[in-house]
Amino acid sequence: MTPAARRYIFLVAGAGFLAFYLWGLAGLPGFGRYPGPYGTVINGIAVAQTKATGVVSAINFSYRGFDTVGEEFVLFAAATGMSIVLRHLRGERERPALDEAMDRTAPATSEAVRMAALLLAGPTVVIGWYLASHAQTSPSGGFQGGVVLATAFILIYLAGQFLVFERVSPIAITDATEAVGAAGFVCTGLGAVPLGLPYLSNVLPLGTTPGAVDSSGTIALISFFVGVEVAAAFVLIVGELLEQALLVRQEGR
Amino acid sequence: MHIVPFVVVAWIAGVGLYGLVTSRHLIHQIVCLIVLQSSTYVLLLGVGYVTGAVAPYFYDIPVHTPAVDPVVQALALTDVVVEAAVTALLLSFAIQAHKRFGTLDPQELAEFKG
Numbered sequence: 001m002t003p004a005a006r007r008y009i010f011l012v013a014g015a016g017f018l019a020f021y022l023w024g025l026a027g028l029p030g031f032g033r034y035p036g037p038y039g040t041v042i043n044g045i046a047v048a049q050t051k052a053t054g055v056v057s058a059i060n061f062s063y064r065g066f067d068t069v070g071e072e073f074v075l076f077a078a079a080t081g082m083s084i085v086l087r088h089l090r091g092e093r094e095r096p097a098l099d100e101a102m103d104r105t106a107p108a109t110s111e112a113v114r115m116a117a118l119l120l121a122g123p124t125v126v127i128g129w130y131l132a133s134h135a136q137t138s139p140s141g142g143f144q145g146g147v148v149l150a151t152a153f154i155l156i157y158l159a160g161q162f163l164v165f166e167r168v169s170p171i172a173i174t175d176a177t178e179a180v181g182a183a184g185f186v187c188t189g190l191g192a193v194p195l196g197l198p199y200l201s202n203v204l205p206l207g208t209t210p211g212a213v214d215s216s217g218t219i220a221l222i223s224f225f226v227g228v229e230v231a232a233a234f235v236l237i238v239g240e241l242l243e244q245a246l247l248v249r250q251e252g253r
Numbered sequence: 001m002h003i004v005p006f007v008v009v010a011w012i013a014g015v016g017l018y019g020l021v022t023s024r025h026l027i028h029q030i031v032c033l034i035v036l037q038s039s040t041y042v043l044l045l046g047v048g049y050v051t052g053a054v055a056p057y058f059y060d061i062p063v064h065t066p067a068v069d070p071v072v073q074a075l076a077l078t079d080v081v082v083e084a085a086v087t088a089l090l091l092s093f094a095i096q097a098h099k100r101f102g103t104l105d106p107q108e109l110a111e112f113k114g
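From first to last, the protein sequence lines stand for chains A and B.
FYI, this note's numbering numbers position 93 of the first sequence as 93, with every residue one higher than the one before it.
FYI, this note's numbering numbers position 70 of the second sequence as 70, with every residue one higher than the one before it.
Keep in mind the hints are simulated off the structure, nothing from the lab.
A couple of the hints might just be wrong.
Unchecked claim - Here are some of the chain B residues that sit facing chain A, going by a computed Cβ distance under 10 Å:
no., residue
1, Ile3
2, His25
3, Ile27
4, Gly46
5, Val50
6, His64
7, Thr65
8, Ala67
9, Val71
10, Leu77
11, Ala85
12, Leu91
As the list claims (entries may be wrong) - Here are the in silico distance ranges between beta carbons for each label pair:
no., chain 1, residue 1, chain 2, residue 2, range
13, B, Thr103, A, Leu195, 55 to 63 Å
14, A, Gly32, B, Val86, 25 to 33 Å
15, B, Phe112, A, Ala108, 14 to 22 Å
What the hints assert, rightly or not - Restricting the straight-line Cα-Cα distance to at most 20 Å, the calculated cross-link-like pairs of lysine to any residue (SDA-like) are:
no., chain 1, residue 1, chain 2, residue 2
16, B, Lys99, A, Ile84
17, B, Lys99, A, Leu86
18, B, Lys99, B, Ile27
19, B, Lys99, A, Leu241
20, B, Lys99, B, Ala110
21, B, Lys99, A, Leu242
22, B, Lys99, B, His25
23, B, Lys99, B, His28
24, B, Lys99, A, Ala245
25, B, Lys99, A, Glu243
26, B, Lys99, A, Val238
27, B, Lys99, B, Val82
28, B, Lys99, B, Gln29
29, B, Lys99, B, Leu109
For clarity, every value in this text was computed on a predicted model and none was experimentally measured.
We put the CB at the ideal spot given by N, CA and C, even for glycine.
Using the sequences and the hints given, assemble the complete structure.
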């Protein structure tokens, strides 16, 4: 199919889609006039029921916690899938990073970049843990905190080089950390089962002050495990991609 | 105008789809997919918005303050995570395609078999 024909078919199909979309819009209640009732109900009861003031986290880690188990395993499967897709093929070997164009030298990382990355690495870890451990309080949680934590490792790569990145995040340890995070979530959910309660029931003490660090029981614990899992998954994903870009070359190239 | 956010959704989705269809480079195509998926965030958050309401966080405000729908916000979070996972996997496929066939043009890749 030629690109022109492809574009033509897309425009015809797009016009049809647009017509249906506009027809659908005409039946919507309009922006800002959310008809409820689900969100309104949950906003009204979540704080009293879970002692979490962050209702989005309460939903993610409690009301629809089982969905979030699946969501977390999407990420887990993606990291695993990448390791499989990017495994070393026959005829590939590792070699130190060399610039592809041999007649010019790769510029060294500037001191300013190194300094900025090193200065940011510590605070980034603190912010990451802060986010991962305050899911019950404020707009944060394990997913956000985990990504920020992984950023700290990428800053280390920026400040140093890939070999340092590998040394601070060896694949075996990162893999194990990811597994601990994923299993922690699943086992926290299983903890309710021996008590005769449904999977992922909030069995831990809820605390007294809504939104305090020790409140909301399993919501805070699950968020912590999710943070560990997400951070490890992203470090693995970034590590795999960097390894491809920097180390793996086909024989004779 | 009560439909402007939903028109924005259609626009972002349209731009992303157009790029996906006409793209001549796999990495560019993956970025187009990200743009296409971004439209779903605007859609989800737009559907749950309530005029004059606050974010669903009740740490320093009374519990019965009108707040926007938290359910669609939780869904948007799921959406972001899935997008990150899908993007990572697609990028690794692009790396392997380039290694194997030496090109990232979807037109040329379609001519190879296996």
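Structure-based check of each hint:
Because the closest C-beta pair between Ile3 (chain B) and chain A is about 5 Å apart, less than 10 Å, the hint holds. Residue-level restraint check for His25 (chain B) is violated (minimum Cβ-Cβ distance to chain A is 13 Å; threshold 10 Å). For Ile27 (chain B), the suggested interface contact is broken, since its CB lies about 12 Å from the closest CB of chain A, more than 10 Å. A cut of 10 Å between beta carbons decides the hint on Gly46 (chain B): the least distance to chain A is about 6 Å, and the hint holds.
With its C-beta approaching chain A no nearer than about 5 Å, Val50 (chain B) sits inside the 10 Å limit, and its interface hint holds. At a threshold of 10 Å, the smallest CB-CB gap from His64 (chain B) to chain A is about 7 Å, leaving the interface hint in force. Because the beta carbon of Thr65 (chain B) sits about 9 Å from the nearest beta carbon in chain A, less than 10 Å, this interface hint is met. Given the 10 Å rule on beta carbons, the hint for Ala67 (chain B) holds: about 5 Å separates it from the nearest Cβ of chain A.
At its closest, the beta carbon of Val71 (chain B) sits 5 Å from a beta carbon of chain A; the interface hint therefore holds under the 10 Å criterion. Checking Leu77 (chain B) against chain A by beta carbon gives a least distance of about 6 Å; that is within 10 Å, so the hint holds. Proximity of Ala85 (chain B) to chain A holds as hinted, the smallest CB-CB distance being about 3 Å (cut-off 10 Å). At about 7 Å, the closest approach between the beta carbon of Leu91 (chain B) and any beta carbon in chain A falls short of 10 Å, and the interface hint on this residue holds.
With their beta carbons about 58 Å apart, Thr103 (chain B) and Leu195 (chain A) fall inside the hinted range of 55 to 63 Å. Remark: the range hint 25 to 33 Å for Gly32 (chain A) to Val86 (chain B) is upheld by a beta-carbon distance near 31 Å. In this structure, Phe112 (chain B) and Ala108 (chain A) break the distance hint of 14 to 22 Å, their C-beta atoms being roughly 39 Å apart. Pair hint Lys99 (chain B) plus Ile84 (chain A) holds up; C-alpha atoms about 15 Å apart against a cutoff of 20 Å.
Proposed proximity of Lys99 (chain B) and Leu86 (chain A) is supported: the alpha carbons are some 11 Å apart, at most 20 Å. With a CA separation close to 14 Å, the supplied pair Lys99 (chain B) and Ile27 (chain B) stays within the 20 Å bound. Restraint check: the Cα-Cα separation between Lys99 (chain B) and Leu241 (chain A) comes to about 13 Å, which is no more than 20 Å; the hinted pair holds. Simply put, Lys99 (chain B) and Ala110 (chain B) have alpha-carbon atoms about 15 Å apart, close enough for the 20 Å limit, and the pair holds.
With a C-alpha separation of about 15 Å, the suggested pair Lys99 (chain B) and Leu242 (chain A) falls inside the 20 Å cut-off, and the hint holds. At most 20 Å may separate the alpha-carbon atoms for a hinted pair to count; Lys99 (chain B) and His25 (chain B) meet this at roughly 15 Å. Restraint check: the Cα-Cα separation between Lys99 (chain B) and His28 (chain B) comes to about 17 Å, which is no more than 20 Å; the hinted pair holds. Annotation: proposed proximity of Lys99 (chain B) to Ala245 (chain A) holds, straight-line Cα distance about 11 Å (limit 20 Å).
Restraint check for Lys99 (chain B) and Glu243 (chain A): the C-alpha separation of about 14 Å stays at or below 20 Å, so the hint holds. A hinted pair counts as satisfied when its Cα atoms are at most 20 Å apart, and Lys99 (chain B) with Val238 (chain A) qualifies at roughly 19 Å. With a C-alpha separation of about 26 Å, the suggested pair Lys99 (chain B) and Val82 (chain B) falls outside the 20 Å cut-off, and the hint is violated. A C-alpha spacing of about 18 Å is found between Lys99 (chain B) and Gln29 (chain B), which places the hinted pair at or below 20 Å, so the restraint holds.
Taking the CA atoms of Lys99 (chain B) and Leu109 (chain B), the gap is about 12 Å. The hint holds against a cut of 20 Å.
In summary, the structure is inconsistent with hints 2, 3, 15, 27 from the numbered list given earlier, while agreeing with the others.
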